[in-house]
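S.K.: The lines below spell out each chain.
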Amino acid sequence: MSTVEEQENYSNKNRRITWEGCSVLLDINDGDRLLFSRLTAGSIVKIGNKNYPLQPLIGCPFGSMFQVENGANGPCLSRVIPTAEASNAEDKKECDSKNESRDNRALIDNNTAQTLTGDDIEGMRREGASGNAIVEALIANSATFENKTSFSQEKYRLKKQKKYAPKVLLRRPFARSICDTYFKKYPARIGFLRVDTLSLLLSFANVTAHSDVLVVDMIGGILTGAVAERLGGTGYVCNTYRGDSPSSIEIVRIFNFGDEINKRIVRLPLADFCASSNGDSKDIELPQAASGVDNSTIESQAASGVENPTNQSDPVSMEETTMSSEDGKPTTETCALKVHKAAKPGEKASEDAIKSWKENGFSSLIIAAPEVDAWSIVKEVLPFLSFSAPFVIYHQYLQPLATCMHNLQVEKMAIGLQITEPWLREYQVLPSRTHPHMQMSACGGYVLSGTKIHNDNQPNKDFVLLVCYN
Amino acid sequence: MLPTDPTKKLSFKRNISDGDLVIVYEKHDNMKAVKVCEKSILENRFGVFKHADWIGKPYGCKVSSHKGGFVYLLAPTPELWTLVLSHRTQILYVADISFVVMYLELIPGCVVLESGTGSGSLTTSLARAIAPSGHVYTFDFHEQRAVAAREDFERTGLSSLVTVGVRDIQGEGFPKDLTGLADAVFLDLPQPWLAIGSAGEMLKPDGVLCSFSPCIEQVQRSSETLASKFTDIRTFEVLLRTYEVREGKMDHCQTEAGTPGSRPSKRKHRASEGSQWEQDNSGSSVVMARPSGEAKGHTGYLTFARLKCVA
Ligand SMILES: C[S@@+](CC[C@H](N)C(=O)[O-])C[C@H]1O[C@@H](n2cnc3c(N)ncnc32)[C@H](O)[C@@H]1O
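Residue numbers (full-length UniProt numbering), protein chains in the order written: chain B, 1 to 470; chain R, 1 to 311.
Just chain B, same shape as in the assembly:
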């Protein structure tokens, strides 16, 4: 059913072990700090006031946990392998909390509870005490710890642990984790697109292998990347735009895409479609020469917008200078060598691909353009979709979608039109303490979805004509 080749291809794309030059998401202290980084020989991460080389993370499985240590050559990260005992201890703790009888009526918070001073801790450190040992010492020297409820004891331990024994979790940058992280830290850069909303877009647009998905991604490339991830190196995700310069799709670089996926991420100015949709198929058939000059200027402009100059810090380092090595020089160069040879995402679509889309249409459409009126885009690009193709539009505001939906109805361009607003709530699940999280995101935006219909006296006739000539 699946050939050996396919399987190999797959294991290259779904790698579960890090490699030199791969992009990773570092989760420090259970979500307190999230940052993207690239694993190179010289890259580092700063935790507290110390720099830790990321070298030890290379070759480890995603999902590995690391703790900080004072190694022979300075501070370093070392992998922690969870043991069976640790989980038993957790079980015991949970049982205890079920029979809680202590409360905090006698608790006085006056900062005198801790007898260990800052100097004491420094001293321990100098002597090479581990972070965990310091945490234990703090607990032993806390006058109030014994009287705390087990819930507050746990909180205390966690707080101290985060400070003195921070943990780093190595995660795989996937559409899910990338979207989550941006939404948490820099929501504006992805147009406030929440992960449940992104997942709805991919479903409503029926994104699957071998489909040709037309996107208008003006939200940094998170959409393009998420679609490309689902295509797995087949089909195309084609980003279209008005004017000369495509919007940045920098976030795509955070996904660990190989050549075969990057090649499937292309762009095409809207004008290039419209030019020949007037039944004038000239520029499809013409050899490159005539338009060569124009193209190259567009390309070089685009290059500055889409591709990062290699010496710039990676878009993935959203915090601090995780990329820089000790001598202060960006370390991207090491992997830049590789990147250079590799296929760049977001090249202009090939003539063959364009020709095929003109003949067959795209299999679906996704629009995420916070700054452009939804209806004005849809009416322009809908003709490029195959009949019966689903489409979906994201917007942070309801009104532009309502207007768009109304117009689509009036013009009889689509059916099954629906505006939905996703709602997502997370729960704390603990023995006898289960409840929804106190905070939730109140706006994941709105989604207009529908299916394009074949309408005898509507657009697309140019395409039909074109098809006949071919």
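The set of hints was computed from the structure by calculation and includes no laboratory data. One or more of the hints may lead you astray.
[Unchecked claim] For the chain B half of the interface with chain R, some residues (derived, Cβ under 10 Å), not all of them:
#, residue
1, S364
2, W423
3, K452
Quick caveat: nothing in here was measured; it's all calculated off a predicted structure. Ideal placement from N, C-alpha and C gives every residue a C-beta, glycine not left out.
The hints should help you fit chain R with the ligand onto chain B, whose structure is shown.
M.R.: Just chain R with the ligand, lined up with the frame of chain B:
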């Protein structure tokens, strides 16, 4: 249903042919899956439709009955399928489905295990995500349901991507020959905690498990069981609110001297003097949206967890 076969790909050129599965669309809440058969007819409140008239027409077209009533013929997608499939059990809908597929990190080539199969609503979307080279192994202990699901996957053209097994997953766990092969496992079972141990054995390290349960007590119990071998255990609830859109004429508010330029303070003053909202017919139309009257208030809780990486 999926474009893995290039000749079946949606396109301006692809027309409906004998033997295709089409979705007959009357209204957004009234659709039906029909296998096109030259000699067949479809009868509904709009009249009698001859399949023979459909053959050769493009997907997305409008077709008429002998009485002049019409319906649209659409190409099936997992979303449409979820709306038309025959309910042999409770099923998952698009909000939960899309979130599950995203959180399970499914991409082409993945191997995913599911139990129970139920009506195959989720299975269809799992298959879409892992196509063309991955595989879904789905298990239900109810023989008839498994048979019906197999027939459905045959109809929707997914049978090469999905294997349906008859098995008591809570009692026996997943088959041993799948040990360590799964990128993801999904459970929609009455007592999911009984299957979690086996799910852990099937998963690759860092693989993701999801359990869907309508009741919080089930979540509680599953989460406790997950704690020993899994990390990053998180529970979510996801819902959708749909909106109605309508164009309406809104009357303008006219006070006697109320020109658009007049200062608000003046208006206020006038209003307090008791001027009235005067209706005139020059009102412009506006498009308005409001949430639809009824919506699902709860489907189930989704609990996700990752298998711990032990060396
Ligand atoms: C609610 S349905 C699943 C619906 C499915 N998620 C869908 O979207 O169509 C639950 C299914 O689990 C099956 N089931 C219950 N206990 C089971 C067990 N121990 N082993 C396997 N399947 C079981 C039932 O027969 C039923 O079909």
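S.K.: Decide, hint by hint, whether the structure agrees.
M.R.: Results for each hint:
1. S364: 8 Å, holds
2. W423: 5 Å, holds
3. K452: This hint holds: B/K452 lies near chain R, its Cβ roughly 6 Å from the closest one there, short of 10 Å.
The structure shown violates none of the earlier numbered hints.
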